[in-house]
Every structure is written in C-alpha cells, then in structure tokens.
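Just so you know, the sequences run in chain order Y and B. Just so you know, UniProt numbering puts 180 at position 180 of the first sequence, and the rest follows in order with no gaps. Just so you know, UniProt numbering puts 264 at position 264 of the second sequence, and the rest follows in order with no gaps.
It should be emphasised that the hints constitute simulated quantities derived from the structure, not laboratory data. Predicted model only: the values in this text are computed from it and were never measured. Be aware that a few hints might be false.
What the hints assert, rightly or not - Capping the alpha-carbon separation at 27 angstroms, the derived lysine-lysine pairs in DSSO-like fashion look like this:
id	chain 1	residue 1	chain 2	residue 2
1	Y	LYS249	B	LYS202
2	Y	LYS249	B	LYS206
3	Y	LYS249	B	LYS205
4	B	LYS202	Y	LYS242
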Amino acid sequence: MSGPMLRIENLTKTFPVRNAFGRISGEVTAVDNVSFSIEPGRVYGLAGESGSGKSTIARMIMGLTRPTAGNIYLDGLNITDAGSGRSRRGKVQMVFQNPGSSLNARRTIGQSISVPLDAHGHPRHDRARRIDELLEMVQLPAEFAERYPHELSGGQKQRVAIARALAMPPKLLVLDEPTSALDVSVQAKVIDLLVDLGRRLDLTFLFISHDLSLMRNFAQDVGVLYLGRIVEAGATADVFEKPSHDYTKLLLASVPVMSAEEEAMRPALPLVDGEVLTSDRLPVGSNTSFERLEQ
Amino acid sequence: MSEALLSVRDLCVDFTTYGRPLSVLKNVSLDVAAQSQVALVGETGSGKTVTTKAIMGILRQPPATITAGRILYDGRDLLTMPKKERLALRGTAMAMVFQDPVRSLNPVFSIGDQMRTILKYADRRLGRRRTRTQRMDRVLEVLGQVRMREPERVARSYPVMLSGGMCQRVLIAMSLLSEPRLLIADEPGTALDVTTQAQILKLLKKLVQEQHLALLMITHNLGVVRETSNYVYVMHKGKVVEQGRTAELFAEPKEDYTRQLIAAVPRLTGGMTFGTSEAAR
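Looking at chain B on its own, in the form it has when it is part of the complex (with noise of 0.2 angstroms):
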C-alpha cells in the first residue's frame, strides 16, 4: 500500500436536497496500487458511484459537496491542484468505462468519429501533436486490442448497428485510447447478457495484464468481484465498512452486514431455503 498509484483519503461528500444537507460519503478511504485489481462493492446508494465520480472530477457541484478529504493520484492531491492540470488527467492518465454502454454514446455520430473526437481533446490537453491518420491509426489499433473482427467497419458503424456487448468493447476502446494507467469500470457488465458479461470480464482481466493497467471494478455483484479482484473495499451507506484480499474476505468476513450480503448471494450449487417467514420481514 506504500506506493499507491490512487489514494483517497478521508472522503466526505454531502449532497443539498431541499436545502438540508445530506451526508453521502462518510471518511471514505481506499488505494489502489499501480497494476493492481481491486473491487469496490456495494449495494444501491451506498456510495460507490459518487466516490467514482469524485476520483474522476465529474461530481456535480452543486448539489454536491466535498467537505473533506484528499483524493491522490501518484502523490498529488486531485482536489486542490490547478483545474488545467486536473482536466489533463481525465480521460488520459485516468479513465472509465460507464455502466449502460449504449446510453453512453452518441447515436447521431459514427463510432470512429466519436473516437477520433475523444482523442483530438485528449492530445489538445496533454499537448501532443498528431495528424489525422495518425489517429484513425490510433482508433483502429486500439478497436483491435478489444478484439473486435473488423475494426474499420466498426468505425464507420454507428451505436444502433452494434450489440451492446460491441458497444461495451467500444467504450473499453475509448478508455484505452490516450494509455491510461489506472481504469476505473462501473458496473461493466450489469446491463449485458450473462455470455456477454463474461466475455467483457474477460477481455477486461486480458486488458489490465496486457497494458499494466491498475483496475478498479465498481459493482453490486460479488461473483464479479471475485473474478476480476484481489483486494476488495465493501461499501455501506456511505461508508466502507470492510476490507481486504478478496479470497480472505470472501472466507471470512468480520462485518455482519458483509456476512449477510455473502449469506444472500443465491449459489449455483443450491442449498438456499427460502419462505422461512422470519426472514422475509
């Protein structure tokens, strides 16, 4: 944990609904070490997409508020340094891959030039030079590192021609365009079919090995979890209330809210009775 190449630190955020404010993220602090895997999970509301959206500055301000804390990447605190800075990391050094891939494009632009677009900013920001082709050249190179069959035809399409599992590979293409060192996925797989989810995963966990990528997997599913992490952060009503290696935690959980969410997961080797009324209150 030395040399964490994300650390957050103490994170507190409060959201003003109706004036009152609302505390959402309470003294939340998590590292992840350069190319490594760790797992961030939780159930509806319990904080893991707003921590997200704060490492990756795109927190609404309002109604939200950081009222404390420090969020760093490779040492520098994200939430006090110049925006320009900031906005130079986003998408570059640190990018991410959103939950509903089809909502997550635009379906009035081909995919090659949504890309294209991405890329152009990424340079402008960081300051690199870079013609054209040159980054059509970029686009299909990295369509083809997620494995798509014909990565000229998938830059033509637009989103309604591909599946949502091809519009998934082409938003983990995205992420990958400016070489990112740390990907955060939210959810990666929750809106695709099971086949499609694990095929994702899989290319996810090729990705991370291939590139040197640090992964962050943002999830509500503990099968996911265990399947593309080695340290896992268990999140509850804004809080992170466990943590530790995956296979350790998984055995032996000390918290009893992660007992009880271990105890509801339904296994593939059956075993769970259910209509005992006590539980059903």
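Chain Y extracted, bound-state conformation (with noise of 0.2 angstroms):
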C-alpha cells in the first residue's frame, strides 16, 4: 500500500440560493477548488473559521454531500459518486462536534454502539463482547454499555463517539471539531487517546478545527481555508512559524495566548489595503474578516 491514505483533487460544491419565492436566483460556492492529500499515520488539520466550508468538505468526504466537481480518492480508490454506501464501508468514520446531541438519547451506550455493528453484518454472538472491546479501547468500563447518555459527561460521551465510530476498523477519521465542546483538561485527555489510538491501528485522521493551538499541537500537517479555498498549507511548523497569506497571518494574530513567547510568534496584523479576497458568498453589507479587525 503505498500512495496517500486520502486526495482530493479540485474539489468544488457550489449551492443554490433560492430567493423568496424559492426560485433559484444565484450560487454560492462553499468549496472552491480545494486539493489536498493525506499520507497514511499522518493528522492533516484543515483550519477555518465558520463559513469556510470546512465541514462541507468533511461531508462530501463522508458521501453525504454530493460534490459538484473534483475527485476523492480513499486509499487509491475513486469514491467521488459513491454515496455513503459500500466502498466507503469500514474505511472512512467521522467523529462529530457536539457529543450531546450525536448520541441518540434514548439507546444506551451498547445499543449506539451496535447500531454500526449490525449494519455492517457483525456476527450478532459475538456482538457483547465487542461492544465491550470497543469500550476498553476508549478506556470506558464495560458497565458503560448499559447506561444511557446523560448519565455521562462530555468526554465521556465523545469517547463512546469515538468507540462507534471505531466500530468498523476504519482507515481514516474525520474529526469535525472533536473536543471544542469541551473543558481543555478533558480535551488533552481526548486528543491523547485519540494519538494513542492512532497508532495502535494505524488510524488517518483528517482534523477540522478552529483552534490553531490544538492544531500545532496536534497536526503534523495543515490547509488554511478561507472563504471555501485553501490559502495556506504545508507542514504545521513551518505554516504557523512562517505564514505566507494575510490570511493565516490574521488568524494567528487573533488567537488569545498565554506566554510571552507565543505572543512573540503571532505575526503583526497584515495591512488591511492589502489583497482582500471578497466574495459572492457574503451576506451584502457583511465585513470580511479583514474588515473586521480594522475597526
């Protein structure tokens, strides 16, 4: 197996807007052109704020947005048009935002569990005891499995995320903002299990987030979106010591730090008359982000 675990090459998904009649009036593209690749064991973190179309990509990534141009490739094999179903089956799992509201309240935990397992055609004898693997693995006692969410705290539940989507051994997993509904010493206990699962199965893992320090921390690798397209990427180090766009630049200068040294890393704001890069997916009337800081 050699080649990336992950390329995607000129993405793009343009969205109608329909005007109040709902007759289609215009497009917005929420992701332009977007290429990128991840090398198997690696973390890519994709880096943006609301509205960059970080999510969408996930979502096209995991079939369940369709994409208006561009190739996705999983493992060398072209899964562009295949919906959320077989050939992405057991290679590819996305691990959500919000724990709360990604566990459905009224199963238990070994109920939520099984719901991939059973889909997916594990053997059902067997399907206790890997509930309870799956748990261990997330470092959960067994017990967990009768339990319903809210007897639970977010870590916790965000770990029986993680479990599920472990069900099926993927290859690669799609964190959209895993830990930003947590507190930060649950959130390093988090991203350590994650790292430590990551090797231990040999786990990709594509890392969407708005936190640029939980993302040098934790990305060997990152793309900075902006307005759907990616101005920025390259090694984490190297992005976030030397930024080249006033994009990455404005981000990096806005992150709250708590040392001298760090303060000492964000780059002086980037002139405002500087390139601005506009577009038509802005509300009328709406700063960029660039605008913003101006004031």
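Make the complex out of the two chains shown on their own, each in a separate frame, by following the hints.
Right, dumping it as structure tokens:
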C-alpha cells in the first residue's frame, strides 16, 4: 500500500441560492477547487472559521453531500460518486462536534455502538464481546454499555462517539471539532486517546478545527481554509512559524495566548489595504474578517 | 483592595435538587476595584456563572439558596438592601454582557426598539426623565461607541440581519446605555469565530479605558484571561482555589489544580506531546 490515504483533487461544491419565492436566483461556492492529500498515519489539520467550507468538505468525504466537481480518492479508490454506501464501508468514519446531540438519548451506550455493528453484518453472538472491547479501547468501563448518554459527562460521551466510529475498524477518521465542546483538561485527554488509538490501529486523521493552538500540537500538516479556498498549506511548524498568506497571519494574530513566547510568534497584523479576498458568498453589507479587525 | 467597587465575601450557595441540598459555592470571596480588570476563570461546573448571577441578582431562588455571605457594591450589601434599591442598581450601575449574543436578543423587535425599552425602564428605576428622541439619541450614541459604522441602520435592523459579532457588539452597547461603573462579561467571545473574538476583546479593552469601567471577565479560556485582566481568580468545584496578579499567577502557579489547568492548554509554539497513555486515563 503506497500513496496517500486520502487524496482530494479540485473539489468544488456550489449550492443554489433561492429567492423568497423558491426560485433559484444564483449560487454560492462553498468549496472552491480544493486539493490536498493525507499520507497514511498522519494527522492533517483543516483550519478555518465558520463559513470557510470545512464541514462541507467533511460531508463530501463522508458521502453525505455530492460534490459539484472534483475527485475524492480513498486509499487509491475513487469514491467521489459512491454515496455513503459500500465503497466507504469500514474505511472512513467521522466523530462529530457535539457528543450530546450525536448520541441518541433513548438508546443505551451499548445500543448506540451496536448500530454500526448490525448495519455491517457483524455476527450477533459476538456483539456483546465487541462492545466491551470497543469500550475498553476508549478506556471506559464495560458497565457503561448499560448506561444512557445523560448519565455520562461530555468527555465520556465523546469517547463513546469515538468507540462507535471504530466499530468497523476504519482507516481514516474525520474529526469535526471533536473537542470544542469540552473543557481544556478533558480536551487534552481525548486528544491523548486519539493519538494513542491512531498508533495502535494505524489510523489516519483529518482534523477539522478553528482552534489553532490545538492544531499546532496535534496536526503534522495543515491547510488554512478561507471562503472555500485553501489559502495556505504545508507542514504545521512551517505554516505557524512563517505564515505567508495574510489570512493565516490574521488568524494567528487573533489567538488569545498564554505566554510571551507565543505572543512573539503572532505576526503583526497584515495591512488592511493589501489583497483582500472577497466572495459572492458574503451577505450584502457584511464585513470580511479583514475589515472586522480594522475597527 | 481597600476600596473595592465590588466585594464578594464568603458567599455560599446551595442548590436543592430532588429535595437534597447541594453546595455549589463554598465561601467565595473576590474583589473588583474601581477601574480594574479582573478575571474569574474556571471549567464547566466550577461555579463562575452562579457567582455572577448571584452578584447580578438573577439567580433563581429556588432552586438556589444563598446560605451565607455578603455581596458589597460600593460598600453596601446587595443581599440585604431593599429590593427597589437593588433593582435600581441592576443594569445601570452594574451591567452584564452574556455569552450567546444571538439568543440574548429578542428576534421580533428591532435593535433600536429593544435598546430604547431597556433605557426607558432604566430611566424609570433611576427617576430620570428623557423624551423619546433623547432616548433614541442615546441609543445611537452607544451604538457608535461600539464602533458600528451605521448606527441608524443597525438600530432599524432585527437580530437575524446581523452577524454574531455585530449582535455581541449590540449587547455591549446595551450594557453601556446607563453608564455603568462595573461591567460583567460572561464568556463574551466564546460563541464567536477567533478573529471576531479578537475584535470583541479589543473593543472591550478600549471601552473599559475610555469609560473608566471596572471589568469582571468570566471565562474558561486562559488566553482571554491573560489578554483582558490584571488580576485573576481561579475557581474549581465551587471554591476560589488561587488568586493573584495575572502575570505572576501564570508564571508561578502555586496550586496543583492551576498548574494542571495551565499545562492542559495547547500552545501556539507547540511542544505538547500526546499519546502517552498515562495521561489518557
């Protein structure tokens, strides 16, 4: 097996814009000609603010949204038009942002984890054993299988979501803001767990987040998304230490930091009258991130 | 600390759930001097929001009960003063900016209407008189103070027409309507994008200086603490576990909890190692 685990080529997604009468009056480009690839075993970070298109990219990789143009290759196989079905099965899974709403409140933890097992034809007699095994993998006691989500803390729920994503051992795990709903001390433990699991199960990660400090420590490569485009990409250390695009500088300059060393790393704010990306996607009259900082 | 504008002394709050009292705040004491910038930092469930609600007098009782302690504003105990006097202070001398800007605004009234109403009731409580146009002028004035480019247009807008950052600035403008001396900001940037958060924090810092406000910043983000405060209180499980000048506390945390909290924050400079399964347990 050589070559990247995930390769994305010129991926584009446009959505129709409807007027008040439901007529299509135009279109917005949510993802604009995005290309990147992730080598097996690496953590690739997609950094961006709301509206940058990061979740649309995740949905297209998962087969939940059909791309307008471009190709997605998973482990060498073109899965662009495969839907969420067969060719993705067991190869790519996702962990969502809010563990409170991604688990069914009326199902026990065990039932939630068994859904992917049943859907993928895991033998019934082995189900209980596999659930125990998965809970152990995410360092939760086996008796949690009988509990309901409301009995668990946020960090524990996110561990369950990870266990569910691992039920059919995937090769690629898409993490959409997996810790943004958690406290920092819990966040550190969940990321610890993910790195540990990544090593043990040979996982590749696509880590989507707006938290640049966390990205610096977790992802080896990053792509910075702005208005649907990757404006800068490279090894995390390089991008963070020598950002070249104004938007990357703006993002780094905006992070509230804890020490003088970090403050020294933050670039001076880029000039506002430099090149400013604009887009038809911005609502009329709203500011781009650049204009916002000017005030 | 001698002349604190706000002084909380040994505040204890219990919550009664399913008939059992649960101690939520245990002898919390803190001081905010006039024109100072103080932060209250803690994780989920540490009691920081309950503390601010008790200060503002918006703690729902029941289920909560204030079992002991005093909350002094300008030397007078808010907990024992007549209700009418306390109402006259709330939203006027001390004002609060809430976390979720979009949900804190009423979707069916324009920004200008909501702000005029707030001002009308504040005036009534304080026994001030103002005509409708004078009130509108004041609304436009504070919208200008929070750097809205076109205050008239913003006043005519409804919350859905504004971005999250603009709604947050409207909330800050609302809190400034009656020229408060103390501003309590509860996680004011948490629901916003990082560039918008930077802008809101910058704005708050400027306003605090321009209008000589005292700021009590409630947050879980240690970076925000460092950028907005000179003095910090660290809360954990309903207690203030450590306090001190922000720079000193960050440089030399004394308590184990503070040390762990600071160590858990990922740094922009990198260097955090994950996957040493020791810590994952």
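Going through the hints against the structure:
Between LYS249/Y and LYS202/B, the direct Cα distance comes to roughly 17 angstroms. Compliance with the 27 angstroms bound is thereby established for this hinted pair. Between the alpha carbons of LYS249/Y and LYS206/B the distance comes to roughly 23 angstroms, so the proposed pair stays at or under 27 angstroms and holds. Of the supplied pair hints, the one linking LYS249/Y and LYS205/B holds, its CA atoms being roughly 22 angstroms apart against a limit of 27 angstroms. Under the criterion of a C-alpha separation no larger than 27 angstroms, the hint pairing LYS202/B with LYS242/Y is consistent with the structure, at around 25 angstroms.
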